[in-house]
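Once you've looked at the hints, dock chain B against the given chain A.
These are the residues of each chain, in order.
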Amino acid sequence: MSDAVPILNALDLSIAYGKDDAVKNVTLPILEKKITAIIGPSGCGKSTFLRSLNRMNDFIDGVSHRGQILYRGSDLYAENVDPVEARLRIGMVFQKANPFPKSIYRNVAWGPGINKLPGDPNERVETALKQAALWDEVSDRLNDSALNLSGGQQQRLCIARALAMEPEIILMDEPCSALDPVSTARIEDLLFELKKKFTIVIVTHNMQQAARVSDYTAFLENGVLIEYGETDQVFTRPKETRTEEYVTGRFG
Amino acid sequence: MTALSRKSIRWGESILERVFFLCAFLSVITTAVVIFILIRETLIFFESVSVTEFLFGTRWTPLLEPKSYGILPLVAGTALIVVGVALLALPIGVACAVFLSEYASARARSIIKPTLEILAGIPTVVYGFFALTFVTPLIRNFIPDTQVFNAASAAIVVGIMVLPMVASLCDDALRAVPQSLRHGAYSLGATSFEVTTRVVVPAGLSGIFAAFVLAVSRAIGETMAVTLAAGATPNLTLNPLESIQTMTAYIVQVSLGDTPAGSLTYQTLFAVATVLFATTLILNIFGTWIMRRFREVYE
Numbered sequence: 000m001s002d003a004v005p006i007l008n009a010l011d012l013s014i015a016y017g018k019d020d021a022v023k024n025v026t027l028p029i030l031e032k033k034i035t036a037i038i039g040p041s042g043c044g045k046s047t048f049l050r051s052l053n054r055m056n057d058f059i060d061g062v063s064h065r066g067q068i069l070y071r072g073s074d075l076y077a078e079n080v081d082p083v084e085a086r087l088r089i090g091m092v093f094q095k096a097n098p099f100p101k102s103i104y105r106n107v108a109w110g111p112g113i114n115k116l117p118g119d120p121n122e123r124v125e126t127a128l129k130q131a132a133l134w135d136e137v138s139d140r141l142n143d144s145a146l147n148l149s150g151g152q153q154q155r156l157c158i159a160r161a162l163a164m165e166p167e168i169i170l171m172d173e174p175c176s177a178l179d180p181v182s183t184a185r186i187e188d189l190l191f192e193l194k195k196k197f198t199i200v201i202v203t204h205n206m207q208q209a210a211r212v213s214d215y216t217a218f219l220e221n222g223v224l225i226e227y228g229e230t231d232q233v234f235t236r237p238k239e240t241r242t243e244e245y246v247t248g249r250f251g
Numbered sequence: 000m001t002a003l004s005r006k007s008i009r010w011g012e013s014i015l016e017r018v019f020f021l022c023a024f025l026s027v028i029t030t031a032v033v034i035f036i037l038i039r040e041t042l043i044f045f046e047s048v049s050v051t052e053f054l055f056g057t058r059w060t061p062l063l064e065p066k067s068y069g070i071l072p073l074v075a076g077t078a079l080i081v082v083g084v085a086l087l088a089l090p091i092g093v094a095c096a097v098f099l100s101e102y103a104s105a106r107a108r109s110i111i112k113p114t115l116e117i118l119a120g121i122p123t124v125v126y127g128f129f130a131l132t133f134v135t136p137l138i139r140n141f142i143p144d145t146q147v148f149n150a151a152s153a154a155i156v157v158g159i160m161v162l163p164m165v166a167s168l169c170d171d172a173l174r175a176v177p178q179s180l181r182h183g184a185y186s187l188g189a190t191s192f193e194v195t196t197r198v199v200v201p202a203g204l205s206g207i208f209a210a211f212v213l214a215v216s217r218a219i220g221e222t223m224a225v226t227l228a229a230g231a232t233p234n235l236t237l238n239p240l241e242s243i244q245t246m247t248a249y250i251v252q253v254s255l256g257d258t259p260a261g262s263l264t265y266q267t268l269f270a271v272a273t274v275l276f277a278t279t280l281i282l283n284i285f286g287t288w289i290m291r292r293f294r295e296v297y298e
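Residue numbers (numbering that gives the first Met the number 0), protein chains in the order written: chain A, 0 to 251; chain B, 0 to 298.
One chain only, chain A, in its complex shape (with noise of 0.2 Å):
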């Protein structure tokens, strides 16, 4: 395991809905320009886990957080602290596209244009289309709906969105669940670009897909961090047994 010190780190971090917790005293270093994946049975809280990292909990009614999340070290749920800034070096990538209902262009230049980034809006919005592939396929029709553009390449139009905003961070939650295998291959192959620049937390109940594209990996089941270590470990080597089974697909 590398020493460098996270870029995010939670640290004995429990999640609640009402009263019930969904994320159980978890304690996970997210290392900077890698990828980690969280893996884990369905309804194991990962995705409760991963919204807490750019503070997208905030829109569900009755969520509340004990531990910390430390964003370079210092406090993402201080009181100090504003979520949009949070957002802003934080960026998410969801489960289903979501793409605006706007042109091709507008989707992407809209983050920019709001948080009046500097730098040409056109630049930025080509340079985020080809980080996410998908420039040669829209390049002559970026005044279309985004809406016209098929599954996959809606979903690779929502990662250029994040990627535009040139956050340090993104977020991803099971980014390709919704895609057929060859939109799925094209963004696993995207996230190794990515990562040069970016540090990825994917979440992803794709055992294949975890162990191909992530540094590190996380298990977590009913809440609780079962085993955290390089992906390379944690698939052939696992410490628990629980993990074994998980990702010999004994279960899950």
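Treat the hints with care, as some may be off.
[Stated by the list, open to error] Footprint (simulated), chain A over chain B, 3 or more residues, beta carbon under 8 Å:
(1) 192-202
(2) 251-265
[Claimed, not checked] Some chain B residues judged to face chain A by a derived CB distance under 10 Å, without partners named:
(3) L25
(4) A105
(5) G183
(6) A184
(7) Y185
(8) S186
(9) G188
(10) A189
[Said to hold, decoys possible] Estimated spans, in silico, between C-beta atoms of each pair:
(11) B/R106 with A/N24: 27 to 35 Å
(12) A/R88 with B/A107: 30 to 38 Å
(13) A/P117 with B/P143: 57 to 65 Å
(14) B/M290 with A/G118: 36 to 44 Å
(15) B/T264 with A/N147: 53 to 61 Å
(16) B/T190 with A/E229: 33 to 41 Å
(17) A/E78 with B/T190: 14 to 22 Å
(18) A/D139 with B/R17: 50 to 58 Å
(19) B/R106 with A/P180: 41 to 49 Å
(20) A/D139 with B/V50: 51 to 59 Å
(21) B/A107 with A/L10: 30 to 38 Å
(22) B/R139 with A/G118: 40 to 48 Å
(23) B/T30 with A/K115: 53 to 61 Å
No wet-lab data here; the hints were simulated from the structure.
Ideal Cβ positions, reconstructed from N, Cα and C, are used throughout, including at glycine.
Using the frame of chain A, we list chain B on its own:
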């Protein structure tokens, strides 16, 4: 006989099917008959009055000598009400919907929504009475020159009358915008205000426009409140503080009077009704057309 051949005719089913068809057919037939009568009687009217005089004449005095049949004063009266309603009900209705769908807590919603619905249940005659006895004196307090019957007072109460409908339809339109769009916008560092104004409202625009068209339609067709509060003076004016007469109020006035059937005055009823019908029809067609255009862009 094969295993699948019909063993008996299902009589119940076929009778019911016919009953349902008759019900559907009845509404179509009613509409057709109404249109037919409107057009037939209007054509009789146009045997005595030229279309040009009717549509472009600026005096409407079918009940007084010298008689004159220019509908523009009635159209202007209706337009004054419509503009007043649009200015009042649309901004407040949209703002109300934005509050309800984007900001209100479940508790606030549970109080405001039913209140709005009660507002929608008040009989229109009560609104007319309210205009005469409360709104008009209030306006005259500030602007003493205001006439007892005036368009402003009627427009205000009709505005209040259509407000629940506008708010409720806009609220539906905004709530139909998927939550995932809001989350997408938030994840890009947007504030609630930006999410509302730049994502949710534009995405709900076709529904908001539908509410707009329905509200205007309703304002054009509204009868009781404008008859009571706006007056019975066909008046080609843009001043909302003067007494006017709308197309609907004119129809009420003549229907209640002792105008003999078959007289030219009687025929004016149908001519005015045809204009009223044509206006709302064109408005609805226009509304549908615009909605389709918006839909292409936003959904």
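Whether the CB-CB distance between B/R139 and A/G118 falls inside 40 to 48 Å: 59 Å Cβ-Cβ, so the 40 to 48 Å window is violated.
How does the Cβ-Cβ distance of B/T264 and A/N147 compare with 53 to 61 Å: does it lie in that range? holds, 58 Å
Please count how many residues of the region 251-265 of chain B have a CB within 8 Å of a CB from chain A and say whether that reaches 3. violated (count 0)
Does the hinted range 51 to 59 Å hold for A/D139 and B/V50 at CB? holds, 53 Å
Taking the beta carbons of B/R106 and A/N24, is their distance inside 27 to 35 Å? Given a distance of about 33 Å, which is inside 27 to 35 Å, the answer is holds.
Take the C-beta atom of B/A107 and the C-beta atom of A/L10, compute their distance, and say whether it sits inside 30 to 38 Å. holds, 37 Å
Does the Cβ-Cβ separation between B/T190 and A/E229 fall within 33 to 41 Å? About 39 Å separates the Cβ atoms of B/T190 and A/E229, which means 33 to 41 Å holds.
Given B/S186 as an interface hint, is the shortest Cβ-Cβ distance to chain A below 10 Å? holds, 4 Å
Close enough to count: is the Cβ of B/A189 nearer than 10 Å to one in chain A? holds, 6 Å
For the hint 14 to 22 Å, verify it against the beta carbon of A/E78 and that of B/T190. holds, 18 Å
Hint validity - B/A184 Cβ closer than 10 Å to any chain A Cβ: Holds, because the Cβ-Cβ distance from B/A184 to chain A comes to roughly 7 Å (cut-off 10 Å).
Range hint compliance [Cβ, B/M290 to A/G118, 36 to 44 Å]: Given about 38 Å between the Cβ atoms, the range holds.
Hint compliance for this structure: hints 2, 3, 22 are not met, and every other hint is.
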